[in-house]
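Using the sequences and the hints given, assemble the complete structure.
Its first residue numbered 1, the sequence shown is counted upward by one per residue in my numbering.
Honestly, I wouldn't trust all of these hints.
With a Cα cut of at most 30 Å, we get these calculated DSS-like pairs of lysine-lysine [unchecked claim]: (1) K235 <-> K28; (2) K312 <-> K234; (3) K140 <-> K32; (4) K154 <-> K52; (5) K420 <-> K477; (6) K28 <-> K213; (7) K347 <-> K386; (8) K390 <-> K234; (9) K357 <-> K386; (10) K310 <-> K339; (11) K463 <-> K482; (12) K312 <-> K280; (13) K16 <-> K353; (14) K28 <-> K339; (15) K482 <-> K446; (16) K339 <-> K280; (17) K310 <-> K235; (18) K234 <-> K131; (19) K52 <-> K38; (20) K28 <-> K154; (21) K140 <-> K235; (22) K234 <-> K383; (23) K52 <-> K386; (24) K377 <-> K390; (25) K199 <-> K353; (26) K353 <-> K319; (27) K280 <-> K202; (28) K473 <-> K353; (29) K199 <-> K154; (30) K213 <-> K3; (31) K347 <-> K235; (32) K317 <-> K234; (33) K3 <-> K211; (34) K16 <-> K28; (35) K52 <-> K235; (36) K16 <-> K202; (37) K339 <-> K420; (38) K455 <-> K477; (39) K234 <-> K346; (40) K420 <-> K319.
By construction, these hints were calculated from the structure, which means they are not laboratory data.
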Amino acid sequence: MAKCFICGCELDENTKPEHIIPNGIGGKLKSKEILCDKHNNELFELDQIICKDLENHTNRLNPSRDNGTNPATSYELPSGEKVTMKPNGEYYATKPEIEVNKTENGKIEIKYSTYYSTGSQHKEFALNQLKDIVEGVCRKNNFSEDVIKRELDKLEETFEKSIQTDFNPMLKGQFQFNSSGRLFLGLAKIALDYYFYNKLPKIDVDEFLNKFKEQDITYINQNTNYYYEDNLFKKDSIYHTIILNGDSNNNLLYCIISLYGVLNCIVFLNRNYAGNDILKTYSYDLRNREVVNINSNPTITQNMVENILKRKELFDKIKNAQNTFMSFFKYGSKEELQKDFEKFAKKLDNDIKELQKKPMINSIEEYENAFQQIFNKNVQQNKTLKQLTKYELTGLFRTIQQSITYDFYLQPYILHTTNKIIVDAIIDILLNNPELLDSDEILINKIYEFYASAKTNNETVNKLLQSNQEKVKEYIKDFIPKIKTQLIHYRSCLNK
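Below you can see the structure in the form of structure tokens.
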């Protein structure tokens, strides 16, 4: 029977599931076989530390979670005003700026500014927010009910007229890792959770586990650090990833953790490891909501450990990881999006034309694979389409595929094949039946017979040749009289 790796008590089907990656950041991997309910609850504060440090990222992505809601966070406009953004992307002024004054002639002057997402419900929220504040200020200044009603009506009228739209506002946010000083304890918990989730021997992590139970921050910090290695994690979406590596050759047992692709760390569970080789990986695509395979198998030697744990100058690495994360959210104006899509369509068209210059692809399956590769390459190079989820891209791919079919791809080859059949037919007639040149009708029918009976090794090509028979017949009728004089000349040359 499974036991809690903290206290050793036995666990059963009634045990509360433990999220190995915190639920608060959209973690899906969980188990009832690693922690008892008591220690699940006690260690929850370590999950909260991770969630707090990644609050802005969670707000931006709004990942699916098993329970609870994602947080609203504060951002700042370039002008300095603060806005509160909900996890669905909607935002409004945290505190609208309002100034209510009574002029010398007894009139009331109200100046205000606020910010909100486009949409009637957001406009109504912002207006009601302003009206509540104005009413409160008016009552505080002992204005009469008639004056208050008149000013609120006037506010509603001027509010509509004063709206200005920014299609792509710049919102500035800040985040800080390890603000509590206990972040690495939270990451150590993930590493231990994943280790015991894989049912690996407790003896190989005894020292680290005991220090973790004691909440020995010094020891944990001495064996944990940020870890931003190039090409270790996929960058085509946003992932939570864990790599557990037991290396008997280098006597190291370590766990690499990447959350949102932004908070990347390594936890050395045993630096004198004497167990078997282990490689366990887990990666969850948060945008497309699916577990994906990864092939990362890093090699770290004993000589590298001290350098990894001493690294401090990682600002540029973290900045690059943050930029990758944000690249999935940079939506522009309607005009910018349209321009970007047109650029994608043009590149796709050019790549298909280049493909048509190469030897013909002989099956629908091979063509669809080639087209998929062209599509994927251009998506990754396009800043707008890169923001779409896999399901949205699948829909786009299928829509485009309906027009850029295998039949469409084959058109240049069909034209080439048609011309070759007609040329071969004419050469055969000149060499073997030159008397056919004496009658246009007989000549045209004979060339058409050649075309109608021609076959290739590709059934799709054969069907397209057959479907074009009427058009080709009309073409032969129009074309042969134009070259009849040259054909008779060639016949006379052959007869000499």
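Next item on the list: List in ascending order the numbers of the hints, as given earlier, that are violated by the structure.
Entry: Violated hints: 3, 4, 10, 13, 14, 16, 18, 20, 21, 25, 26, 29, 37, 40; rest satisfied.
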